[in-house]
Every structure is written in C-alpha cells, then in structure tokens.
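**Q** Chains F and H, in that order, are what the protein sequence lines are.
Residue 1 is where the first sequence starts when you use our numbering, and the numbers rise one by one after that.
Residue 1 is where the second sequence starts when you use our numbering, and the numbers rise one by one after that.
Because the hints were derived from the structure by calculation, they are not lab data.
Among the hints, a few may not be true.
The list makes no distinction among identical chains, and a pair is therefore deemed to hold if it is satisfied within one copy or across any two copies.
[To be verified] Below are the SDA-like pairs computed for lysine to any residue, each with C-alpha atoms no more than 20 Å apart in a straight line:
1) K120 to H88
2) K232 to S324
3) K328 to D243
4) K363 to E344
5) K120 to P91
6) K290 to R305
7) K34 to F369
8) K348 to Y22
9) K357 to N199
10) K233 to S324
11) K290 to G320
12) K120 to Q89
13) K311 to H88
14) K201 to D243
15) K290 to P276
16) K19 to K311
17) K120 to T90
18) K201 to E319
19) K19 to E350
20) K201 to P353
21) K201 to T226
Being a predicted model, the structure only gives us computed values, none of them experimental.
Number of protein chains: 2
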Amino acid sequence: MPRPFAGAFFVSLRMLVLKFSYAHLHQFAIAVFKKMGCSDAHAELATRALLAADLRGIDSHGIARLSGYVRLWEVQRVNATSVMRILHQTPSTAVLDGDQGLGLVVAQEAMQIAIAKAEKVGTGWVSVQNSNHFGIAGYHAMLALEHNMIGIAMTNASPLVAPTFSIDKMLGTNPIAVAAPAGNQPPFVADLATTTAANGKLELLQLKNQETPTGWVQDQSGDPSTDAHILKKGGALLPLGSDREHGSHKGYAMGAIVDLFSALLSGANYAPWVPPFPAYVPLPVQQPGKGIGHFLGAMRIDAFRPADEFKKDMDHWIEGFRSSTPVKGQPQVLVPGDPERLAELERKQEGIPLHEKVVSELKTLGQRFDLPFE
Amino acid sequence: MPRPFAGAFFVSLRMLVLKFSYAHLHQFAIAVFKKMGCSDAHAELATRALLAADLRGIDSHGIARLSGYVRLWEVQRVNATSVMRILHQTPSTAVLDGDQGLGLVVAQEAMQIAIAKAEKVGTGWVSVQNSNHFGIAGYHAMLALEHNMIGIAMTNASPLVAPTFSIDKMLGTNPIAVAAPAGNQPPFVADLATTTAANGKLELLQLKNQETPTGWVQDQSGDPSTDAHILKKGGALLPLGSDREHGSHKGYAMGAIVDLFSALLSGANYAPWVPPFPAYVPLPVQQPGKGIGHFLGAMRIDAFRPADEFKKDMDHWIEGFRSSTPVKGQPQVLVPGDPERLAELERKQEGIPLHEKVVSELKTLGQRFDLPFE
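Put together the whole structure using the sequences plus the hints.
**A** Laid out in structure tokens, this is it:
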C-alpha cells in the first residue's frame, strides 16, 4: 500500500529499536497506573489513550511519556485518584474540573459528557480545567465516531511557541483534532499541532543529532535556526506557516483559538502560564487558572441531516481526494488519518517499535514499582 | 501606532487610488442591491457585510466584488428575493437552505439562528446549503460579540487549492473566523484563509505585475512557482504550511474540516464541485449538493463561566501577548484582529481607498442601473 507520509514515523527504525506487542505494553502500562493509585477503570482508560499514540505512529506521545507522567505524580502535580466534577452546565455545554487528574482520563470523561449532551440537544461542548496532558488529541476526537457523531478535541500545552514577531514562548503546540465518520471508507481523522512541526519531531532529530529544516524554529533573538536543541537555548517553535510571509500569523491565531476554548472558557491556565510537562521545571508563578485546559466537542450527524446521506457524501469526498492526480513521485494523495491508520494496521500485526532509550527508561520504571518490563 | 501587518493592505495606495467615504459607498451599494430586487432589509444587510471588508482593509472582498455579485445575479446563480428556510433542527443545531440567496445575507440569518439557540441551550450551530459567497468570515463571527458570545464562521469556496501531494485544485481557500469578546481590550478576532496566502493577495500582485514569494503557489505539475498568474495556467494555491516539510498537510486538513462542516453537514456542494465565483466559469457537472456551504456557530460565554471572569482573563491574555518581547525591528507583537481594527479606525476617518480599476467598474455598474457612482 502507498505510504508516503509514513517515513517520518519510522525514522526510529534506523536506530536500535525493539518491538513489543500491544498486549505486552498494555499490561505494563496498566500495572504502572495502578501502582500510582489509579482505579482499575482509570488505569484502563489511561492506558488505552496512551497506547493509541504508539499504535498510530505518534511515538513521542505514547509509552515514551509514561515515566514523565509518573514523575508528575511523584511531585504531586498529577492526582491519580482524581474525582472529576462538573462546575457549571447548560443543555449543550459544561465545564469540567479534572481535579488534577491524568488528562488521558479526564479528556475521555469530558468527551463522554459532550456525547451525552449531543444525544439530547444535537451537540455537546465541554471545556476542562485543572487537568494534565491528555496524550494525542485524535484519540479523544475518535471516541465520538461510534455514536455517529463528529468529534473535536483540543488542548493547550507547555509554552514552546513564539507568536509571529515575538521572541517569547507564549503558546503550546496546541493541537486540534476532528474525526468524522464515513460509510465504506475509514473515518476522516485530522490531528494537527498548530505549529510547523510538533515538538516530538524535534526530539527525534535530537536523538539522531540532526538539524531541523528551516522554518521550524527560531533562536533567542527570533532569527532563523536549524538547531534541534534550540528550545533549551532560548529559542522557540514557530507557528504553522513559519514566518509572516508564509502565514505564521494564521498558525499563531489557530493556537490562540485553542487556548481560548481550552483555558479561557474553563478557567485553566493559559498562554505562558500553562504548567510544563517536565516535572523538574518549576511551575510558573502567579498562575491565573488551574492546571491545563482541554476542549472537547461532539456533533450528532443527524442533528444536521440523515447520517446515511452524510456518510455517502463523505465516501464520495474521500474517494475524490484519493483519486486526485498526485504530483510526480507520489503514489497517491492522502486523506487526513491515512498515515496513522496504516501505522496502526502494521503495528497491530508486527508490534510497536521502541527506541532503546525508551526501553531502558521503562525498565528503570519497572524496577521502581517492582514490575519487570521484560 | 504600530502597524506592522497593515503594509500589505495598503499596497494599493501606491497605485492610482481614490478615496471614498463609507457613507458614499454604502448609499451606492444599497441602491445596487435594491435594483437587483433585494428587499430594503436584505440590501442593508448585504451592504453592511460587503463594506465591512473595505473598512477592515480586506480590499479583495469588499465593494470590488459588487460587480461580480451582479453578474452572478444576471446568470441567475444568485436569487435576490431568496426565502430562506430551516430544513432540520435540534435545540442546538439547524440546517438552513439559503434559497440561492446572497451569502452576505444568508450567513447573517444563519448566525442569528445560532445566537438564538445559544441563548436557550448554551450554543448554536448552523450549517448552510444553497448559498453564495458571504464576504469576509470575520464579519459574521463578530455578530456574536454584542451578545456576550464567541462567534465562529466558516465557508467553503471555489476550488483553487491543491491538497498536499496533489496537482488538482480540490479545495477553496476555506476561511475560519473566531471572534471572542474581551473586557477593556478590543475583541479577539481571528479571520484566516486556510492557505499560505489568500487569492486576494495574488490579485494585488497581478495588478502590480509582481511575483509571489515562494511557497504560495505551484504550477500545473506541482512544482514550485512564483507566477502570480499561475492559477490561470493550471497551477494552484498551496495550503497553509506551503509544503509537506513545513506542514502543508495541516493547512490541507484545516481546509478539509471547513468543507466538512460547511457542506457535508448541510448538503451543499463540496471539494472541486463548489460553484465558482466568476459568473463566466461554467458550473461543475454532476454537482453533489446545492450552492456553496457555510458553518456558523455561537457559544454563550456564561454557558461556561461568568462572562466578567472570562473577559478579565481575555484582557490579561491580550495584554500578555501585546507586551511580549518583539523581534528586532518590530514595534510590538500583535493580537488577531489588531491590523483590521486599525485599518477600520483609519478608513472611517480618512475614507476607503479604491483602485482606479475598481472605480471604473463601479461607474460601469452605476450606468447599467442608472445610478451615477460619483
């Protein structure tokens, strides 16, 4: 099958990697979450969301982050026994207090609330405060699919991105995901950071000691850079569009919209005050809100038109794009969600490749909890 | 005042331009819409939406398009006496049939429906079929502001954009606008085409016989081009991000999301089947839907949290970005909506500059309807 995008996700294969079955990683991750104090149900939810990243080829957001979540729990920034509650609601909206829980779990609870509201009044929209990183946005958006709904998921994140014309890191990579069901075709699943490149891509280049393409990062003066380590030297990621001439003010605006929906509507921290993911980085002083923020939405298809008509059109839309003329050297034009679905097919059969550094971290983590990794 | 973005909007000032008061253009446009058969109320709504573009510095979408709307009416693609009706609804959603009316009017009706639903159940979402071009998205989104709501507006448009890896024009510039109220600060208003550059910018370069920067367009083979006339030679606009390495698949996904919400949810035409704006371009055969599609949304702030708390945080957010450190040579970091607001302030006082070519077209239009332009 054609797989023109997939190259980037398999870069790590050229380094020393080991492959693990989904079942093996699932068993380990669920055990770790339970050791942290998560209930069986929360451990299962957290594991599914976490490993969805590994399955879908977004290695930076999967089990490679498990140690990071544990470190946040150790410094009491993650509450493994969170009790979420709705702070305010209307028939189509709610604000959810995540009680400092794992975003992996909190976002799923928020999406279930959105889905329940959509069942009743057509759409449901939940803004979340007091949460933590939720893994990949696409997983949460896709929860709506089986209900014949369009799912939407956004989150703000640690400030790494400089707005157009600024040298300060004011926004996270603030992703947006939209999942829409089709008929015979697989669903449309867009899941994108509002930056030119996600931080996970920088981390891959760091591992390989390679430079970034131009237009991904700037240095501490706002000048162009290709140093994959530049974030540690005062540099910043660039919004989608890279520079003003190529529309970086649009990527900046998209990232800002995610911040407004996720944090200004919920009362979470926003902009440079979003708590950082690495547990060793101190929390910003004078935090204006609580934890990090998410925004989850569900729209029932038949709140607009019959689902079968919509799905027929979706198939036609998808087939139209797939059969459009590719540029020379590309086998086929892709539809959002294709690369991740192909990665998932492959990894379910052949296992999930983990870099030796990640394997070593997981072994250390296993020792800490008396849970052998291998 | 600092105006680093505004330069692009005033390029035309260096060519032969004449300035006209808002009142003068308003009087003329409203008379033209009435001659087409619009009711007084529709003529007023259409004029306000159209001239909002001229006021806000988006010259390509304002009165320069009036002749284009008239030509669409002449070939019976625009129905000046449209009777809109709701095809289906739930407490938070509706599908509106625009009856082939002016999008300038239809989108405002859709937004009023969304606002009314948001008053009742917290949010309102209206997908529109059988409409025409609606002017600037930002104007429609801003209608929600006076109701203490966040406004959202999207539309699909004539296919000019090639998806990543394709040479076919499959999507329009499909803009997204989000307007959110603040307290002491002016509102946040993001209004962006999901392409590197909007078609209006190409048109300006064509007038001046200049080339585009790299990354805006590709030629008929999908190779890079800087020819501002390339769309007429089989070329295409590029999605925001320009190329795969700089995230064009994300701009492509954003444009696709706009298409799904505007047309697949409503039953409008989508992808390459969207009716073209120029009246001389034949309609695509085998159209899968009706007219073009929009998507309008309104979210009541206090469906999430008290509006005064939200606005206080919005002020803090906006002040934070404005006071972030600018790169050398830039006086200040801007917030989405700043350039357009500054243009509006200036143009309300000093008049709206129109290129001589536009003035000449308006004079011809005036003769056609026995309405002297000057």
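**Q** Indicate which option fits the pair K19, K311 if close means a Cα-Cα distance not exceeding 20 Å: within, between, both or neither.
**A** Intra 37 Å, inter 50 Å, cutoff 20 Å: neither.
**Q** For K363 vs E344, is the C-alpha pair at or below 20 Å within one copy, between two copies, both, or neither?
**A** Neither: 25 Å inside a copy, 61 Å across copies.
**Q** Tell me, please, which holds for K328 and D243 at an alpha-carbon limit of 20 Å: within, between, both or neither?
**A** between (28 Å within a copy, 14 Å between copies)
**Q** Measure nothing new, just compare the shortest in-copy and cross-copy C-alpha distances for K232 and S324 to 20 Å and report within, between, both or neither.
**A** between (42 Å within a copy, 19 Å between copies)
**Q** Check K357 against N199 for me: Cα-Cα at most 20 Å, and say if that holds within a copy, between copies, both or neither.
**A** Within one copy only: 18 Å inside, 47 Å across.
**Q** Between the shortest in-copy and the shortest cross-copy C-alpha distance, which are at most 20 Å for K19 and E350: within, between, both, or neither?
**A** This pair counts as within: shortest intra-copy Cα distance 8 Å, inter-copy 68 Å.
**Q** At most 20 Å between CA atoms: does that hold for K290 and G320 within a copy, between copies, both, or neither?
**A** between (45 Å within a copy, 18 Å between copies)
**Q** Please work out whether the CA atoms of K34 and F369 approach to 20 Å or closer within one copy, between two copies, in both situations, or in neither?
**A** This pair counts as within: shortest intra-copy Cα distance 10 Å, inter-copy 77 Å.
**Q** Using 20 Å as the alpha carbon limit, work out where K311 and H88 are close: within a copy, between copies, both or neither.
**A** Classified as between; 17 Å across copies, 34 Å inside a copy.
**Q** Can you give me the call for K120 and T90, within, between, both or neither, at a CA distance of at most 20 Å?
**A** both (12 Å within a copy, 9 Å between copies)
**Q** Between K201 and P353, at a C-alpha cutoff of 20 Å, which is it: within one copy, between copies, both, or neither?
**A** within (16 Å within a copy, 46 Å between copies)
**Q** Checking an output row: K120 and P91, CA cutoff 20 Å. Within, between, both or neither?
**A** Both. Shortest intra-copy (8 Å) and inter-copy (9 Å) distances satisfy the 20 Å Cα cut-off.
When the structure is compared with the earlier hints, violations turn up for hints 4, 16, 18 and for no others.
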